[in-house]
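Q: Chain by chain, the residues run as shown.
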Amino acid sequence: MSEGLPTNRLGDMSRGREFLRLYQANERRIFGFILALVPQWSEAEDLLQETTMTLWSKFDTFEPGTDFAAWALCVARYRVMNHRRKKRHQHVQFSDEVLEALDERVRSAASGLDTLRDALGNCLRKLPERDRELIHLRYEYDATTRSVAQRVGRSVDAVYKALNRIHVQLLYCIRRTLAAERSA
Amino acid sequence: MIDRPTEHSQFFELLGALREGALTNEQFAQLDRFLADDPAVRQLYVEYMLLCAELRHYHGMSETADLAILPGGPADVPPSSLQVAAATETQGIPTILDELLERDRAVAARRAAEEARQRADAHREAIRRAADDALERFKEQERHRREELAYREYLARRRQLAVSVFAVGVLLVSGVLVWVSRLPVRTTFSPVPATPAVPPVVATITRSSNAVWDRTDVSTAQGTALRASSLFLMQGLIQMVFEGGSEVLVQAPAVLRLESADQVFLHSGAVSVSIGEDSTGFIVRTPTGTVVDYGTEFGVIVRQTGETEALVYQGKVGIRSGSDPVRSVASTILVEGQAGAVDAAGNVVSRRYLPGQIVREMPQEPAFGVPGRRLDLADVIGAGNGFGTGAATSAISPVTGRYVMPVESDRHGTHQYVVVPWNRYVDGVFVPDGTRSQIVSSVGHTFADCPITNNIYYLDITNVGDAGVGRQMLSGQAYGSPDRPCILMHANLGITFDLAEIASLNPGLRIERFCSAYGVSESATNRPCNADFWVLVDGRVRFSRTGVKVKGIAGQIDVELADTDRFLTLITTDGGDADFPAGLRATDSDWCVFVEPNLELAPPAVSDL
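Chains A and B are the protein sequences, given in the same order. Counting from 1, one number per residue, gives the positions in the first sequence under the numbering used here. Counting from 1, one number per residue, gives the positions in the second sequence under the numbering used here.
Calculated directly from the structure, the hints in this document are not laboratory data. Do not rely on the hints blindly, as some may be mistaken.
[As the list claims (entries may be wrong)] With a cut-off of at most 27 Å between alpha-carbon atoms, the simulated DSSO-like pairs for lysine-lysine come out as follows:
hint, chain 1, residue 1, chain 2, residue 2
1, A, 126, A, 87
2, A, 87, B, 316
3, A, 86, B, 316
[Stated by the list, open to error] Computed far set for chain B versus chain A, every beta-carbon distance over 10 Å:
hint, residue
4, 32
5, 200
6, 260
7, 561
Positions of the beta carbon are idealized from the N, C-alpha and C atoms, including for glycine.
Work the whole structure out from these sequences, hints included.
A: The structure is reproduced here in structure tokens:
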């Protein structure tokens with residue numbers, strides 16, 4: 001039995017299901033929050049896993065019916081702060097002021113993730129086939145811009161620039177879509 | 001408003017490099033500046049990163065959703081397998097884009113079919129939400145009302161304490177007698193009735209000192225489990241460890257609500273918080289602000305005025321306006337050695353860092369000052385809060401107002417009243433001399449009967465300890481230890497305490513009286529002494545004893561104080577002796593001391609409520 005797990009709940013399957021239901025409904029929000037504060041992809045993935053384990057081990061203290069997302073983001077923030085402390089000598093980090101400002105901003109933005117997801121689906125459909133393919137390949141597990149370049153037979157630089165352009169296109173397409181929905 | 005991508009081309013280049021993990025340190029610093037300078041850029045950044053996170057889900061990680069519906073899915077596996085699940089999740093099988101689009105189309109079709117039902121649901125949901133909101137508001141008002149009632153009940157109980165103690169004593173004696181008389185008789189107990197559901201345990205008491213809750217159903221003993229509830233610590237200190245791992249020391253008088261394993265709502269009073277390595281962090285909410293730790297040790301005070309002040313002993317904290325830990329109007333980050341506050345108007349402002357305001361550690365030995373009951377004024381001179389946080393063998397210079405080590409040397413006064421900004425409890429200091437109008441407070445109160453002195457002082461205003469001038473003797477008893485504090489005011493010194501500030505950090509209590517013994521210490525030379533003692537309240541003499549010419553005799557001072565009294569002044573003067581040509585001053589051998597000087601704290605009279 002792992003240390004720190006809520007042992008008295010181990011036999012409580014409904015509790016476990018409840019955790020997974022809440023976690024899966026909020027996993028994207030948690031990861032987006034972490035990635036915005038720690039924009040190094042692999043470190044953000046590690047932090048998501050740590051956060052998941054902490055959420056589960058502390059799930060006994062979560063009061064059913066209260067805001068799971070707010071609780072989860074608080075836990076994620078502590079993992080991020082611990083991570084910053086450990087890594088402060090290894091690589092540059094956002095300043096405290098920027099982090100604090102981003103913290104508030106991303107919490108607010110993450111609450112509208114469902115509408116962003118719908119808009120993203122529409123915007124992906126609007127992309128030319130070739131651009132969709134690039135995005136798809138780039139976000140495959142373990143893919144890099146270099147591996148994508150090899151698969152499509154283009155230079156790394158060309159793929160890099162194309163990915164930059166597509167991301168910005170998607171970003172502004174989503175913005176326009178959401179603005180139109182708001183004004184409708 | 002939607003701006004154009006070309007307006008941020010440089011910024012997007014940085015984001016591209018960031019996404020690919022190719023950002024240099026210089027570029028990262030540039031990105032940080034962009035984000036610091038412009039809220040619109042911050043918004044773009046956040047949207048961009050959320051987009052990347054979503055794309056990760058849409059493509060590489062699309063297996064995640066399926067995990068939930070695996071037969072005997074993750075809910076049924078041991079929790080440790082979550083790690084495996086999470087690892088599996090990051091290695092999910094990629095989804096073909098066409099399939100994704102097909103799925104989107106199918107979803108859109110289903111949505112259209114369900115649109116009418118959703119509209120009806122939305123209508124019902126709106127009604128339910130409105131009802132829920134109303135219920136929440138009502139609950140909040142109810143909670144405030146109950147806390148207010150609990151507080152008033154405590155005040156009434158406190159006044160009846162003496163009677164209760166006596167009554168309990170009588171009952172105990174009677175109980176023992178009855179028990180002894182019925183000893184052979186076996187008692188049959190009725191079944192214990194079913195207890196209602198109780199809130200979860202969120203903290204456990206680890207230590208306490210002179211602690212008294214307002215409730216008798218909660219113990220102050222070590223190991224007592226504390227449930228999520230509202231508590232009022234009337235007196236003393238309680239140290240507790242929360243389930244989340246954080247250690248919190250509560251200083252009376254404090255009204256607080258233990259909200260969860262890592263959160264407390266402090267209505268009034270002071271707490272210090274220490275975050276352990278394994279802690280999930282801690283949040284202190286207050287009526288005006290929220291203090292969020294970033295792995296640290298810090299203190300929080302909620303004053304009578306409603307102001308929330310945070311002090312950082314180690315690490316960092318964020319302080320935000322409003323009680324909502326997520327949303328706020330204003331916020332700032334404080335680092336070690338800084339203090340900040342949310343004032344009653346909701347502004348986040350900086351404050352002078354005065355760490356002695358809050359008790360950070362439990363007292364190691366019986367201390368004289370007891371939070372909620374007795375405030376030690378000698379400790380205040382040592383930069384403390386009156387409950388043992390000050391330093392012994394420390395002093396305040398009567399001419400500069402600075403915190404100094406006491407020095408023995410004849411020096412002249414300046415005829416100035418000097419304010420002491422670094423000590424919130426001390427208004428100011430001076431060298432008394434009636435040749436001019438003697439000011440005794442920062443608002444201009446004067447000491448009309450101030451005698452003429454030689455305007456010379458020999459020692460700074462000193463909180464006596466073992467070092468320096470050492471302990472002082474009065475009536476055969478040594479003073480100058482934590483349990484027997486002593487202010488040494490060799491003749492011709494004056495100090496004024498700010499009673500309003502002291503009351504501010506002791507919300508819900510009133511300062512009932514000033515009590516102290518006084519005299520000329522036996523530690524002085526064997527030459528004769530002649531000194532005067534004065535106690536003033538708002539410039540009016542409330543106690544005086546002039547011409548004390550015998551050493552080692554203790555007299556008593558007991559000055560009743562009213563809520564409207566603002567300044568308490570202690571003065572010693574040289575008895576009006578002349579300076580001798582041989583070099584002996586009028587102040588010679590005038591080792592004046594106030595021993596066990598204290599302010600008695602008590603709840604307000606019921607008639608005042």
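Q: All hints are to be evaluated individually against the structure, with a verdict given for each.
A: Here's how the hints hold up against the structure:
no. : hint            : verdict
1   : A:126 with A:87 : violated, 41 Å
2   : A:87 with B:316 : holds, 16 Å
3   : A:86 with B:316 : holds, 15 Å
4   : 32              : violated, 5 Å
5   : 200             : violated, 7 Å
6   : 260             : violated, 6 Å
7   : 561             : holds, 44 Å
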